[in-house]
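All chains should be built: construct the whole structure from the sequences, respecting the hints.
There are 2 protein chains.
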Amino acid sequence: MIEGVRRLAQSSRNKAVVRGIGDDCAVLRLGRGFDLLATTDLCIEKVHFRREWHPPRSVGHRCLARGLSDIAAMGGEPLACFLSLGLPPGLPQKWADQFLRGLEALARRFKVQLAGGDTSSAGNITADIVVLGQVPTGKALLRSRARPGNRIFVTGDLGGSAATLHRLYSRARIRPSPSNRHFYPEPRVAAGRWLREHGLATALIDLSDGISVDLAHICQESGVAATIDSGRIPIAQGATLELALHGGEDYELLFTAPPKKKVPARIAGAKVTEIGVIKKAANYTAAIQVLGDNGQLQPLQPRGWQHFSKSG
Amino acid sequence: MIEGVRRLAQSSRNKAVVRGIGDDCAVLRLGRGFDLLATTDLCIEKVHFRREWHPPRSVGHRCLARGLSDIAAMGGEPLACFLSLGLPPGLPQKWADQFLRGLEALARRFKVQLAGGDTSSAGNITADIVVLGQVPTGKALLRSRARPGNRIFVTGDLGGSAATLHRLYSRARIRPSPSNRHFYPEPRVAAGRWLREHGLATALIDLSDGISVDLAHICQESGVAATIDSGRIPIAQGATLELALHGGEDYELLFTAPPKKKVPARIAGAKVTEIGVIKKAANYTAAIQVLGDNGQLQPLQPRGWQHFSKSG
Chain A
81 MIEGVRRLAQ
91 SSRNKAVVRG
101 IGDDCAVLRL
111 GRGFDLLATT
121 DLCIEKVHFR
131 REWHPPRSVG
141 HRCLARGLSD
151 IAAMGGEPLA
161 CFLSLGLPPG
171 LPQKWADQFL
181 RGLEALARRF
191 KVQLAGGDTS
201 SAGNITADIV
211 VLGQVPTGKA
221 LLRSRARPGN
231 RIFVTGDLGG
241 SAATLHRLYS
251 RARIRPSPSN
261 RHFYPEPRVA
271 AGRWLREHGL
281 ATALIDLSDG
291 ISVDLAHICQ
301 ESGVAATIDS
311 GRIPIAQGAT
321 LELALHGGED
331 YELLFTAPPK
341 KKVPARIAGA
351 KVTEIGVIKK
361 AANYTAAIQV
371 LGDNGQLQPL
381 QPRGWQHFSK
391 SG
Chain B
81 MIEGVRRLAQ
91 SSRNKAVVRG
101 IGDDCAVLRL
111 GRGFDLLATT
121 DLCIEKVHFR
131 REWHPPRSVG
141 HRCLARGLSD
151 IAAMGGEPLA
161 CFLSLGLPPG
171 LPQKWADQFL
181 RGLEALARRF
191 KVQLAGGDTS
201 SAGNITADIV
211 VLGQVPTGKA
221 LLRSRARPGN
231 RIFVTGDLGG
241 SAATLHRLYS
251 RARIRPSPSN
261 RHFYPEPRVA
271 AGRWLREHGL
281 ATALIDLSDG
291 ISVDLAHICQ
301 ESGVAATIDS
311 GRIPIAQGAT
321 LELALHGGED
331 YELLFTAPPK
341 KKVPARIAGA
351 KVTEIGVIKK
361 AANYTAAIQV
371 LGDNGQLQPL
381 QPRGWQHFSK
391 SG
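Chains A and B supply the protein sequences, listed in that same order.
Quick note on our numbering: the first sequence kicks off at 81 and runs consecutively.
Quick note on our numbering: the second sequence kicks off at 81 and runs consecutively.
Warning: the hint list may mix true and false statements.
Because identical chains share one entry, a pair is satisfied inside a single copy or across any pair of copies.
Said to hold, decoys possible - Simulated pairs of lysine-lysine, BS3-like, Cα-Cα distance not exceeding 30 Å:
id : residue 1 : residue 2
1  : K219      : K95
2  : K126      : K174
3  : K351      : K191
4  : K359      : K340
5  : K341      : K359
6  : K219      : K191
Quick caveat, the hints were computed from the structure, so don't treat them as lab data.
This is the structure in structure tokens:
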């Protein structure tokens, strides 16, 4: 196992990693004038994935994708990852190998070096992934700077991952093809970076838990409210408005931009859709309201992604 | 739970943390001219601790201590930690609270800020701790720079933690007092830093797995061999030579120093003992040899710390 991890560490290099696996700590040297970004995501069998639904390559991909998406959501550049892996004693070696391969393929594409980690036995498969990245000093795109009047945008289409999960729950047989974004989500690192470089976004978050939860985070951290237009939400093929509003794991970006800035229709290959506007916070209404077909505003309660254990 | 973690994040601050919990990533700003250190340690119930033996405060302390000890072993200064915590649904809230208190007390003493993390349900208690630190650029004390002729030193006494574990296995009742280093190990951060500032150590490692494993790491990474003198090993009260050679979790430091450099008898409050010498690597003998009472050299096989699952 540890040999497999060391091979993985060799396969994708990043020059920020001065010293990777093999010492008490990894040593990284950031670019001069850069801040460090750090994010950690826990992936546990039966909570975040199921062995009967998710092939090991997909599990490895999904684990790393979550962390890369967090780096994207700060406008950052990923540099290195760390993998803590707990495996049940009876797990076939092939499962672990394929898990590492899924992680490796994504790490290579984003030039992220596996720089450390830990392994242990465990009751259920447990993977904790740390991703470190960098962003020019003071330029990280936070959740806390959305202002009333800002327009709200999302990349890509929404609800697709939840729609696949929904079908898995209804016992549909689904081939976990590389193009299915539930199994192989694509972190929007290039789009996040573009937004930072062009000074376009006031606030940025990735849609890991669904609009209703993630836009609520922006409202809370920025001290604002929001109205979104249900007719404008880009709904993924096979999904519904409900899934697009509350479904998680799409890993698209949601950002706010000043009213007069021109926002392109595509950013770094991703479609961009305007879905609403930031308002002043008002104590007597919900933070997020949805404009329906009938022209009525309805409060949107944060429901979002509750993981398998609860949503099943 | 998440509220408990947020409180913990407030209780110990470090100025390197520009943005802690509350965004997609934590943002850290290192000192100018510093490298980043990163280490991750997985603590799993029944593998790294047992609920019937280890009170939750001790488990929280031990988790963070492992990471701090890795920072110490690079001569670094700890800055921030990240906690990924998986808890079984039926676990009493009090357990989690006390776990966080144990972690918090240690974090405060070392001015380490909890800057992020993740929580989830899990089958067994699972904690993955990441510690980030810094060290002046290029000054990290590595495992790979021990040279033939260097003398070998350790801090403190060895085998104490393994002796307590041994007694726990033999069903002895042991009060987990704050002074018992098995339950509350003390990471040697000040001693590691002193060694780096004084340019005294050529190679440095922390004794997490025992001399027989950890000195073998230095031999392997440095391409050298070592001879240690059994009569000089500082054996902890209640321990034996065997436990001092192979017992893990003492979290003392082992370092090598050039033959003519004066090494003080105490460093940052820790006793320092010379235990042997680095030799040229020779293919036909074991990397480490132990000089016994009888004047004979015996090969020392890396056995060390195999965790509860195997050593029980």
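Hint by hint, here is what the structure shows:
1. K219 to K95: Both: 22 Å inside a copy, 18 Å across copies.
2. K126 to K174: both (19 Å within a copy, 25 Å between copies)
3. K351 to K191: within (24 Å within a copy, 44 Å between copies)
4. K359 to K340: within (16 Å within a copy, 71 Å between copies)
5. K341 to K359: within (17 Å within a copy, 68 Å between copies)
6. K219 to K191: both (22 Å within a copy, 26 Å between copies)
Of the numbered hints listed earlier, not one is contradicted by the structure.
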